[in-house]
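Going line by line, the protein sequences match chains A and B.
Each residue of the first sequence is one higher than the last, beginning at 0 in numbering that gives the first Met the number 0.
Each residue of the second sequence is one higher than the last, beginning at 0 in numbering that gives the first Met the number 0.
Just so you know, these hints were derived from the structure itself, not from any lab.
All residues carry an ideal CB built from backbone N, CA and C; glycine is no exception.
Hints are supplied without guarantee of correctness; some may be wrong.
[Claimed, not checked] Only some residues are given here: those of chain A computed to face chain B with a beta carbon under 7 Å: (1) T47; (2) V49; (3) L50; (4) T53; (5) G55; (6) Q81; (7) V82; (8) F87; (9) E88; (10) N100; (11) A180.
[To be verified] Simulated DEER-style distance windows between Cβ atoms: (12) B:F9 / A:S22: 51 to 57 Å; (13) A:I112 / B:I16: 43 to 49 Å; (14) B:I144 / A:G11: 49 to 55 Å; (15) A:K179 / B:A153: 52 to 58 Å; (16) A:E71 / B:R274: 23 to 29 Å; (17) A:V229 / B:I144: 54 to 60 Å; (18) B:S156 / A:K104: 22 to 28 Å; (19) B:L321 / A:K179: 47 to 53 Å; (20) B:A153 / A:Q14: 29 to 35 Å.
These are the residues of each chain, in order.
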Amino acid sequence: MLKIKDLNVSYGQHQVLEKIGLSAVKGEFIGIIGPNGSGKTTLLKTITNVLKPTSGTIMIDGTNIEKMKSNEIAKNVAVVSQVVSINFEFTVKDIVLMGRNPYIKSSESVEDINIANDMMKKTNIHFLKKRLITRLSGGELQRVIIARALTQTPKILLLDEPTSHLDITNQIEILNLVKKASTKGMVVIAVMHDLNLAAYYCNKICLLRDGCLISTGTPRQVLTPSNIEVAFNLPIEVMHNNRTNSLYVMPILEPLNEI
Amino acid sequence: MAKFGKSIIFVLGLLLIIAIITNTAIGSTNISPLITAKILLARYFFIEPTWTSSQEVIITNIRLPRVLLGGFVGAALSTAGCAMQGLLKNPMADPYIIGMSSGAALGASIAFMLLLPVQVTSFVMAVITIFIVYNISIIGGKVPIDTLLLAGIAVGSFLASITSLIIFLAQSPHQIIFWLMGGLWTANWDKVKITAILVTIGIVMLYRYSWKLNVMLLGEEEAQYLGVNVEHVKQYVLVFSALITAAAVSVSGIIGFVGLIIPHIMRILVGPDHRILFPASTLAGAIFLILTDTFARTIMDSVELPVGVVTAMFGAPFFIYLLRKRRDNLYA
Ligand SMILES: Nc1ncnc2c1ncn2[C@@H]1O[C@H](COP(=O)(O)OP(=O)(O)OP(=O)(O)O)[C@@H](O)[C@H]1O
Ligand SMILES: [Mg+2]
């Protein structure tokens, strides 16, 4: 469904992504991990054609995205950005409905409204429907943006640290929701900083460092002490969680009095 | 919100009709609003005349075109201002912000000097100015908003300096100076017709992009994620804002403030949704300019004030009052 080949991206002279290759099939939940500034956000922006690569191709269902119109891309790919701020007093419902933008010619249909309502319910924000977007908490806003992205009914959902503002319950709920969407066939690509959540939810993990993919594979293949040491410069211990049957990682910390 | 919005539009529509009738009635020759309404209706229906023919001439040939021209000019400036504020996401934006008024002013000055038709020349110069500013601002196929604003200011100042030079060298500069102050005293049916056509086309075209402008308010990148062709929207909105502004300015000179404050006030009243904000601004702009123009032409017995002077004289203090009353997030 999604095929990325030999992608190079730079901001002016400064090359940020180098020779990235990645493919995703229906139903995959892909985690992108890597230290700050390693190029994760840049990769997501390139997949939506907001940033043009210096070379390489991105194909969605066999079509090069450079040849697609912006509303065609938006029907296929939705994005939940890392930082969102909206200063205009739209209601939550208005903002979620904007997810239907690629489908709407002049004004929204009953179907558009139904989809938006459905997604608001699924993301637990239906009760906020009439509130002004400028008056939400960070976590509420993040769920609105996720609802908006789901309202686009995309084939590919890109999430840039989707749970950074969410409390522990909402983190799990949102990720469960997204996971469910992916088992129904949506491709999910999520930038995640929580390695344990990544290990639990992802079928595949990509580890970025300085714009290069240094490891791709199952959580077990990627989240090894040596890989993490190389990427994050941090010693970790990898353990197995019998209950979830996934692995979890712990940084090896020094006792506090030795810092 | 939507319901509330619709009733506001309805009320504004009603107020506009009342404003047209009452303001046509007001003037140095006293004609009652009732007679005025009858004279106006008699153009379309048969009504037994209870008025003199001179009253009819004053109403239909002098006052009505003036009121209507004021309405169209106010509607155009306010709608264009609303579009520019939304597009640039800048509270300072008005229809003139990217140099159009300077272009139109230079066009008018040249026309007065060389005895060319003022309306056509200023219209053409305004359009050329926008074209130049837009093309200067293109960087790698995109038009960054900051560049557009700065290019507009630079080109505008350059053109303004040429206008000043012309005024300085002109034999009788007061014609140009009066024009720059903005007034509707040259109103006639021909002007009303041309302005009505251009302004109506432009406004309808802008309304079609209400939804896209809403999405653009989320920021260019977010709008792109949502499938908006951002550069196309910019171009489209600029073209039609420029069209209606040029149409307005070429018949009225530089009337300030309408395009700045009316959209602001409406945004406070109805919120940022352009599907309601646009029609509200259009109607309120028309009402505001009709009222201020009546004030300008009747306040002094012997002379008419330029309406551009009046709009700012009343608009600015009112606007300051609003700003003080509501200091939190007009924009950010
Ligand atoms: N608009 C820009 N212009 C120039 N350089 C940029 C721009 N945006 C990002 N960069 C640089 O590109 C590199 C990758 O940035 P990117 O935002 O992709 O990192 P990231 O992996 O998402 O980091 P984080 O975890 O902090 O979100 C960084 O070195 C950053 O400084
Ligand atoms: Mg990032």
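Status of the hints after comparison with the structure:
1. T47: With Cβ-Cβ at 6 Å, under 7 Å, it holds.
2. V49: Where the cut-off is 7 Å and the nearest Cβ of chain B is about 5 Å from A:V49, the hint holds.
3. L50: Result: violated, 10 Å to nearest chain B Cβ.
4. T53: violated (13 Å)
5. G55: violated (19 Å)
6. Q81: violated (11 Å)
7. V82: Since chain B brings no Cβ nearer than about 10 Å to A:V82, farther than 7 Å, the hint is violated.
8. F87: Nearest chain B Cβ about 4 Å off; hint holds.
9. E88: Interface hint status for A:E88: holds (5 Å vs cutoff 7 Å).
10. N100: The hint holds - A:N100 has a Cβ within 7 Å of chain B, the shortest such distance being about 4 Å.
11. A180: Violated, about 17 Å.
12. B:F9 / A:S22: 51 to 57 Å: holds (56 Å)
13. A:I112 / B:I16: 43 to 49 Å: With Cβ atoms ~34 Å apart, the hint is violated.
14. B:I144 / A:G11: 49 to 55 Å: At roughly 20 Å between Cβ atoms, A:G11 and B:I144 fall outside 49 to 55 Å, so the hint is violated.
15. A:K179 / B:A153: 52 to 58 Å: holds (55 Å)
16. A:E71 / B:R274: 23 to 29 Å: holds (24 Å)
17. A:V229 / B:I144: 54 to 60 Å: violated (42 Å)
18. B:S156 / A:K104: 22 to 28 Å: violated (41 Å)
19. B:L321 / A:K179: 47 to 53 Å: Given about 48 Å between the Cβ atoms, the range holds.
20. B:A153 / A:Q14: 29 to 35 Å: holds (34 Å)
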